Structures are given as C-alpha cells and as structure tokens.
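Chain by chain, the residues run as shown.
Protein chains: 2
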Amino acid sequence: MAAKYFIRNITACLSRATISSHNTMKQFSLITNFLLTNRRVFTACPAGIEEKCNRLIVQWKENLIDEYPLVWLRDNCQCSACFDQSSQSRTINFSHFQLNQTMRHLTIHNNNLEVHWEDGHKSAYDFKWLRQRSFHHTEQQNWLKSNKAPYNTWDADCFKKIPVFDFKAVMQEDNILLDWLETLGVWGVCLIKNAPHGLGQVGSLARRVAFVRKTHYGEEFSVQAKADATNVAYTQGHLQLHTDLPYYEYKPGINLLHCHIQYSGNGGDSLLTDGFKIAEKLREKDPETYKCLVETKVTWSDIGQENGNHFHKIHHAPVICESDDGTIRRINYSQPQRDSHMAVPIDQVEIWYRALKKFYDLATDASYLIEFKLKPGEIVTFDNLRILHGRTAFGDNLKGERHVQGAYLDWDEVRSRIRVLKTKLLVN
Amino acid sequence: MAAKYFIRNITACLSRATISSHNTMKQFSLITNFLLTNRRVFTACPAGIEEKCNRLIVQWKENLIDEYPLVWLRDNCQCSACFDQSSQSRTINFSHFQLNQTMRHLTIHNNNLEVHWEDGHKSAYDFKWLRQRSFHHTEQQNWLKSNKAPYNTWDADCFKKIPVFDFKAVMQEDNILLDWLETLGVWGVCLIKNAPHGLGQVGSLARRVAFVRKTHYGEEFSVQAKADATNVAYTQGHLQLHTDLPYYEYKPGINLLHCHIQYSGNGGDSLLTDGFKIAEKLREKDPETYKCLVETKVTWSDIGQENGNHFHKIHHAPVICESDDGTIRRINYSQPQRDSHMAVPIDQVEIWYRALKKFYDLATDASYLIEFKLKPGEIVTFDNLRILHGRTAFGDNLKGERHVQGAYLDWDEVRSRIRVLKTKLLVN
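So the sequences go chain by chain: A and B. This note's numbering puts the first residue of the first sequence at 859, with every later residue one more than the last. This note's numbering puts the first residue of the second sequence at 859, with every later residue one more than the last.
Since the hints were derived computationally from the structure, they do not count as laboratory data. All values derive from a computational prediction rather than experimental measurement. Every residue gets a Cβ at the ideal spot worked out from N, C-alpha and C, and that includes glycine. Check each hint, because a few of them may be wrong.
To be verified - Label-pair ranges, simulated between beta-carbon atoms: (1) Arg-1066/B to Asn-968/A: 32 to 40 angstroms; (2) Asp-977/B to Ala-1224/A: 21 to 29 angstroms; (3) Lys-1231/A to Asp-1205/B: 51 to 59 angstroms; (4) Phe-955/B to Asn-1165/A: 53 to 61 angstroms.
Unchecked claim - Mimicking DSS-like on lysine-lysine, the simulated pairs with C-alpha atoms at most 27 angstroms apart in a straight line are: (5) Lys-986/A to Lys-919/A; (6) Lys-1282/A to Lys-1215/B; (7) Lys-1155/A to Lys-1216/B; (8) Lys-1006/A to Lys-1216/A; (9) Lys-1072/A to Lys-1280/B; (10) Lys-986/B to Lys-1149/A; (11) Lys-980/A to Lys-1143/B; (12) Lys-1216/B to Lys-1216/A; (13) Lys-1072/A to Lys-1006/B; (14) Lys-1072/A to Lys-1072/B; (15) Lys-1003/A to Lys-980/A; (16) Lys-1143/B to Lys-1006/A; (17) Lys-1155/A to Lys-986/B; (18) Lys-1003/A to Lys-1155/B; (19) Lys-1149/B to Lys-1155/A; (20) Lys-1003/A to Lys-1280/A; (21) Lys-1018/B to Lys-1143/B; (22) Lys-1280/A to Lys-1018/B; (23) Lys-1149/B to Lys-1003/A; (24) Lys-1155/B to Lys-1149/A; (25) Lys-1280/A to Lys-1282/B; (26) Lys-1006/A to Lys-986/B; (27) Lys-1215/B to Lys-1149/A; (28) Lys-980/A to Lys-1280/B; (29) Lys-1051/A to Lys-1216/A; (30) Lys-1155/A to Lys-1215/B; (31) Lys-1216/B to Lys-1006/B; (32) Lys-1155/A to Lys-1143/B; (33) Lys-1155/B to Lys-986/A; (34) Lys-1155/B to Lys-1231/B.
As the list claims (entries may be wrong) - Computed list of chain A residues with no C-beta within reach of chain B, every gap over 12 angstroms: (35) Gln-936; (36) Gly-978; (37) Leu-1057; (38) Val-1152; (39) Ala-1175.
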C-alpha cells in the first residue's frame, strides 16, 4: 500500500522533491531518498487521497519505505520549545496547534532529519527514533507486543513443573527479577522458593517490584483458620477454585501467597487452573457456552468488616471478560462472592447456570487442574485476572496449624517495572 | 411476559398447584398465591418453554407476580449448610451442585417460604429477601442503579456554583460524608472548604473514606514548581486540561487537590471541564468525531522517576472509553502524556488529530469550562475518569509560591463506603 502510493507520488512530485545525498549512519538503515510531499503538490489529487499527500516519505536501504503524517511529525517535534526533556513530555499548547502542516524544505544534520516548517519552526528527528515509530502495521504490532507480552495458556499435562525462582536471587539480581515478572506475564504462575522464615516476605517481594496493592483486607493479609471468619478463605474447609476479589472493578492483578506454616497432616494442598485455558477451550469446543459466559453479567460482592472497617463491594461483570479485540483479559469466578441478586433476564438464568457448571467442571478436571502442597518458605505467585486457585480442606484444629500470608501487586506497576528493567539491563 | 406464562401455567397446572392461605406481613406485599410449577407438570411442553416451568411463581398482592428459577433458588439457599452467615458467603460446593432441581412441596413459616426439595433438603427464604431479588427487568435495573448511581453531566452555564462541603462536617458527620461522596458520583466535582492549615489533609480525607490509592508518585504528592520536574504539573507554566494518569490501565478514580499555599499574583487558577459532557455533545452533534475518538486507541505513557524509583507506564486506549452498553465510562486526555509511538493505521492518523482537536476545542470553550482560584484551605475533589482539569500559568519564581497537595481515591472503595453509610444511616 505504502509502496504503491510512493511510486505514484514519485511520478507526481519528482520535480519538487528534495533528494538527499547518501548518508553514512551505521546503527540502523542507510537512507537513500527523502521525498517531500505537501499540500501544494497535490492540490489536484482526488478527495481521500489528499490525506496521503501530507506525509513525509522516507526510503531506507533495501527499499524499505516509511511514511509519516506531517501532523504527527509536527505534534512530536522534539525541540525544547515543544518537548520537555526532564519530564519527557510534549509541551505544545494544543489550543494553538495547526492541523494543516506544510514544510518548506528538509535538511540532514548528523543523525537528524531537520524539517523546516512553513511557519518558520524547525524540528529535528533522530533517524533511529523515526524508524522506531514506523506506521507499518507489523512494526506497530511488534511494538505493542514488546510493551505487553502475549500469554501462553497451559493445562496439567504441559505444566507439570511450575517455573521456580529463588527468593534471594529475585531480591538481589535484576535479571532474575525480570525473568520472574516476564514468566508471570506469559504463564501466569511461578513458585518462589527459599523465602526467609517469618512474616512480611510478601511485602518485601512486592516492594522489590513496586509497592503492595492495598484492598479492604489491608496490605499484607493472613490466611489462617479463625472463628467468625469474614471470608471463607479464613476457615479450614475446602476452598473451591476462585479468583480473588472479583467484586473489584479494578481487580488486583497478582497474588503473592507465602506459606509461613503448613498443616502437617493430609490436606491444605494448593489447587491452580489456568482460567484463560478453560475459556479458550470453551470458545473452541462449545462456543455457545463461551458466548453465554462472556455476555452474561452477574454480580460479585463482598460484605463484611476487616479491622473494624466495614466494606460492601459490588461489581457487575461476566465470568469471562474479553478485550474489545476479542482476547480474553479477565476471569471472574468465586462461588462465595457471587451475589444472590442476579440482574439477568429470567430466560437466561438456567442457560447461564448450565454454562457456569461446564466452566467449573472443566476447571476442576484433572486435565487442567494442578495440585501441590506448599512448603514453608515457598511463595506461590500468580495472575489473579487469569488463574483460578483453591485449597483442599485440612485438619479441624482452628488455631495456628496453617498460616499463609498474602499480598497483591498490580499489573500496571509490574509491567512498568519490566520496561524499566529491560532498559536498564540493555544499557549495562 | 411473566404474566402471560403465569396465566398459561395456571391452566396447565392448577390441579397440582399449592395455593397458600392469606398472610399477614405488612412490611412489604401481601402474598396471595404460590404456584409451584415443576418439570413433571410440563413434560409435554414444547422445547424452549420447559425452562419456564422450572420456576417458583409467587403472586403478591395487587396481582404482582414474581418468577424465580428453581436452580437459582437452590443455589441461594440460606441455610447454614449452604450459606455462611459470618462471611455472608455461599458455601455450596459447585462440583456437586445439581442443575435440575425439583421441589416436593412448599410451606410457610413465619415470614419465610420453605421449599422442600426432592432430595430431602429444605430451604427457607424470607419473603422480603425474595421480593428484593425480583427478576423483573425494571426492578433489576433499579437495584443496579441503587448500587451505582447514574451521573448528570454539566456545562459552564448549569454549573456556576460547584457543590461545596465543609471539611470538619465531612470528617465528623456520616450524613455529610455520604452527601459529598454521592454528589461526587453524580456531578463529578465538589469543593471542600475550611480544611485545617498544613499538609496531610488529603490523606486524612482519603482515610475518612477508605485509604489512599497509591501510584508511582506516592500516596500524597506535592504539586509545586521545581527545577528538573519529572512531571509538567511541577512547573509554573500553563497546565493544559487533562485527566491524570491516563497511562494506568487501572486509573485512579478520584483526585483530591488541597490548596496549601496559593500564588498571590495573577494566575494559578483552576480549570475544570466535564469530559463526559464533551463526549455526549460530540455523540449528539458530530457522531463521526465521537466514533473516531471511541474507536482509535492511542498510547499514553509516563517515563521518569520519583524518589529514586523509576517508572515506565504505558497504556493503549481511546480518548473516550465506552462500557459495553454504550455508556461513557472513562476519558483519557493528556497532551504531555500521549506517546510519540502511535499504533494507528496511517490513513486514520489525520482524521484522528482532527477529532482530537474538536474534542479539545470544545473542552476549552467557555460554554463548558469553569475557572476559579482555589483559596488556601480549599480542596477540590473530582472524578479523574471524567473531569478534565488544568491550571493557568503563574509567576516565574520557582520556589515555594504555590503549593497544592494531592492524593487519589478509587471508585471501588468510594462506592463501597457509600453502601456502608447508606445501610448504617438507614438503620440508625
């Protein structure tokens, strides 16, 4: 597409084009041609094509061509009047910004392309900077992916061994920290071993990344059986597969659960299923059920108090949440935290229950469920938007026999940390 | 719809129906009839109708009829084996749950309807509880609205006086606190006056509601001019209209800005526009522009460090974000924090800039923009998903002449607090 217009533009405007001399940059591609196209050249263009004319066309070596809209170039001028280096921010006053930008001429200075605008302003763009901002679809997609890696789903077969990291290494070595966070993004679950004895490890781990995401249960919370529990997790019973806090519109993204004391008898095992895998399976094998779970919003809620602070959370959302591009982005599932209010058309209710049962039966199926017993000093970390987790029942002593401490992290902070680490490690 | 089936069902199953005697409840509606319909009665129903038969039909006084799917009733059994009172949670193990529920018979005991299930289990439902969970569309919608009040948009004309609250009253009186939070939900902006002198007021205010939402700028942050600012807000220049932190996928919901020291000369005025109103106007008057701003995802970013902690946030989202039901739910707009990477098809770029310019020109138009100068002791509080805010330039002294302290709250916590307060104030 770009090439086609480029050729047409060459024919149309070669007489006015500024053709650069060869350039000796090595770090990226050698530039062979700059062709300036502006409004004046194309006043005779048919409607709809004119847009294409307000572009800078750069032909790199090997016939790679990039087009840059002039309005975008002007908007992203990197000079000190338009862009503040210390805050890395655009400072152009948008009220005074002109949409119709035209250029007088182009020059090249060192590794910069200098654009001399009709209004007298001059902008300089580093060639590498320009190449990195290519408007080619594939390169745009690659850039998006580099900022948020796509996930891989797993079932019990392909995931017999959970990725394992060493606590001390994560705390001390940036490359191990990065590896843990990236693995968590891709696979949704990692085990961290050899945490020091004592409480507070999840807080330390979270602060190594960014900071704890607080909820109405506080920052670090203890999961241990207690009388008059305000949450079913705080009992010794079987804890069915669930995601935490589905009643939060902004649901905490990552769960860190540190096994401080494990129950010594049978039980207290951890259960994990990849909710994205279950959703994918349904989408593939049973699209009606998938559709029902995507389209039916039910109500998630939590009423209670923690340390004297009362809460009453409500969020209305489907079990499977899709992004607008159809990717699966969040699973909500919690039997105890599904509200008895059900604002669903009555004719859909039984259909939805059937769909939910299929979802849950698949999630608890041995093909998808993994089960293991955490040892003291182990921290299981997982994506709370994606992974369903649970726990088998354990002994009937209500006091002190099992103690897991938890904390949350948010994906916003984790992805930020990944980018910072990648930049840092690349530079060093 | 319900009534139609009810009448058909009466004809079909009257001989098997259990018809209750009159009941004397006063608090809600008087029950006149219970009609039990179950699978056995309707084995001859055509496909698609049978679903309707697995329902409990309750006829209240004044011919009001409610239908309850049996599967929903069984799922929401309130007995101690199925529902844990202390955690207010369903405890039924969903792996063992039967979708096809049938009843043997019904009884009435005090204000409870007792359902005797085929498998021997007995469930009791308080009549008021049942009525509150009506499956009628209007009542479902009312319930949803009672949990998240709809917003009213405003322009400069209809909003010459910002709603004002007294700091001490908000801190001490629950009904004033509730009034402030509900007003914030509806109008998106409130002014709080007479805060004590000194820093830390926004933190106190946030903790009166729930707790501060932390970001990479910390919990309480100071907005004052400083050299090498990592954010354009930390300069003395004109701060264009924007929403804070558009680069957060989970964007903090409410901004609290306390004027600690105001600049004594001209300038430093606060600017506010209701972004939802601007979006609504565009949707009404210029649907093409609206559509472009809803459908075009651009990249919001922030790179820098605060107190030595580096961050690199990126979020890819449109300027106007709709809920899946088409309501406007979030505005992203920040000239400094829009990334130079633009993963938009090149043919859309100029169209999008034109749309953005229309949006911004409308937002800064005197018909929509309000301007006022905060006095020391005033806290402007506003919905950061909705309201665009800015500040006029002020004097050129970089040190200490104007000092605003800010903090964020999240809507999840605020809505929870509203519900808790409403319950508390209703009871007292």
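*Which numbered hints does this structure break?*
1, 4, 6, 7, 8, 10, 11, 12, 15, 16, 22, 25, 26, 27, 28, 29, 30, 31, 32, 34, 35, 38 and 39
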